[in-house]
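2 protein chains.
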Amino acid sequence: MAAPAVVLVRPREEGNVGSAARAMANMGLSRLFLVEPAAALGGTARAFAVGARAVLDGVVRAPSLPEALAPFRRVVGTTSTRDRRLGIPFLTPRELPLWLAQDPPDTPTALVFGPEVGGLTNEELALAGAVVTIPCSPVQPTLNLAQAVLILAYELFLDRGDTPAGDAWEEPPAEAGEIDGLLAHAADVLTEVGFARDDSFAGVLRDLRRLAARAAPASRDVRILRGICRRVQGALKKGEV
Amino acid sequence: MAAPAVVLVRPREEGNVGSAARAMANMGLSRLFLVEPAAALGGTARAFAVGARAVLDGVVRAPSLPEALAPFRRVVGTTSTRDRRLGIPFLTPRELPLWLAQDPPDTPTALVFGPEVGGLTNEELALAGAVVTIPCSPVQPTLNLAQAVLILAYELFLDRGDTPAGDAWEEPPAEAGEIDGLLAHAADVLTEVGFARDDSFAGVLRDLRRLAARAAPASRDVRILRGICRRVQGALKKGEV
Chain R
9 MAAPAVVLVR PREEGNVGSA ARAMANMGLS RLFLVEPAAA LGGTARAFAV GARAVLDGVV
69 RAPSLPEALA PFRRVVGTTS TRDRRLGIPF LTPRELPLWL AQDPPDTPTA LVFGPEVGGL
129 TNEELALAGA VVTIPCSPVQ PTLNLAQAVL ILAYELFLDR GDTPAGDAWE EPPAEAGEID
189 GLLAHAADVL TEVGFARDDS FAGVLRDLRR LAARAAPASR DVRILRGICR RVQGALKKGE
249 V
Chain P
9 MAAPAVVLVR PREEGNVGSA ARAMANMGLS RLFLVEPAAA LGGTARAFAV GARAVLDGVV
69 RAPSLPEALA PFRRVVGTTS TRDRRLGIPF LTPRELPLWL AQDPPDTPTA LVFGPEVGGL
129 TNEELALAGA VVTIPCSPVQ PTLNLAQAVL ILAYELFLDR GDTPAGDAWE EPPAEAGEID
189 GLLAHAADVL TEVGFARDDS FAGVLRDLRR LAARAAPASR DVRILRGICR RVQGALKKGE
249 V
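Protein chains in written order, with this note's numbering: chain R, 9 to 249; chain P, 9 to 249.
Extracted from the complex, chain R is given alone in its bound form:
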């Protein structure tokens, strides 16, 4: 998946912009847009950004949210309060990668965060295709701006994979290449049983990919499922003879 851009709408505190830049760099994001009026970025922003000055140096300022969003085909809003009347799907941060996976991985995507006080307006949220609400204690339900950026960036970073697993007290999830191999093998079997002639074939392959992403099978699970594919292929071949 291409790394999304972060759009901060009217951030008031330059320290928050610096902290957000640091969190972005921590999680491999680099493109930061600010919608005016936004804090001037001086020494405080740089101090909070620590090693992420490149993110600050690359900041793009836009006079309005629609203008900031012009380069993007897909927009994800954020809010601490769900307003059902919006009619836009609400997601948890953990659901976000799956929702994004419905579109091609290089779809230009913006993650939009509102000002420290008040957040995004309903009019701004209406520009989004989905809205993320970070689960939070009802006692203290609003996160700091940079903390909210971190949570979304963290979930997307984990989803992009190639992060080292912990020590093997459980089996680590299979790598993307192993999953690809399994799905290709399954597609072969489905072709051999005549499924490829169906109109629904492409949709079924997409559903299987989504299901595999969510199941996070271990390498051993992938080996078992490929073993089943091989068995089915063997039985089909035997039938032909």
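Worth flagging that the hints you see were computed from the coordinates, not collected in a lab. Computed from a predicted model, the values in this text were never measured in an experiment. One or more hints might be untrue.
Intra- or inter-copy, both count: the list cannot distinguish identical chains.
Here are the simulated SDA-like cross-link-like pairs (lysine to any residue), alpha carbons at most 20 angstroms apart as the crow flies [as the list claims (entries may be wrong)]: (1) Lys246 <-> Gly235; (2) Lys246 <-> Asp206; (3) Lys246 <-> Arg234; (4) Lys245 <-> Pro105; (5) Lys246 <-> Arg205; (6) Lys245 <-> Val201; (7) Lys245 <-> Arg214; (8) Lys245 <-> Phe203; (9) Lys245 <-> Ala192; (10) Lys245 <-> Asp196; (11) Lys246 <-> Arg222.
Since the structure of chain R is provided, determine the placement of chain P on it from the hints.
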């Protein structure tokens, strides 16, 4: 699971302690210990804590890490760099709830974070039963102290459950009976392709059940997978004729 305590070892910046307190309150944690020498907590700490002043007001200061850890039966350390020589299991934040679930849920637990510069020493990490490393871009591999606290607290908060799911842009997970039907159908297919004669058959069925539980397939997914089973059975039958 009883909410763990957070122990900050020699934090230098009171703003970080305030931000950590806010992140804790966001994710339902309340007990904060500081190991001396730690920042004095004044107006800056309170400003960063926003609504989490109760966490700051309840801070317990300890002269050393071992003294801070005295009330705890289980200690989780954190570090940005894995030193294999420590001989302590390394976990990702996402693995932490599963690791903690090995012990009774009311086991008194401390999450220990090192100073802003340098982190925990190996001697301090050696007091931990497990060490968490937050996945990060190698370009900017160290998180702000409060950001690290947030990530661990977030993973534990999600694990404690009762957080609302997102909207049903995805179908809800299938019911247990549907999963049972799918697994029985899969067992039939495996029997038909000759798998049931294998010693590993019972183990494979167990693995499939575990995988299905983790994948949480929707009713629609179950229908698709059963459709695949039927196709395979159809193709096998045709071969026999």
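- Among all the numbered hints in the text so far, which are the ones the structure does not match? 4, 7, 11
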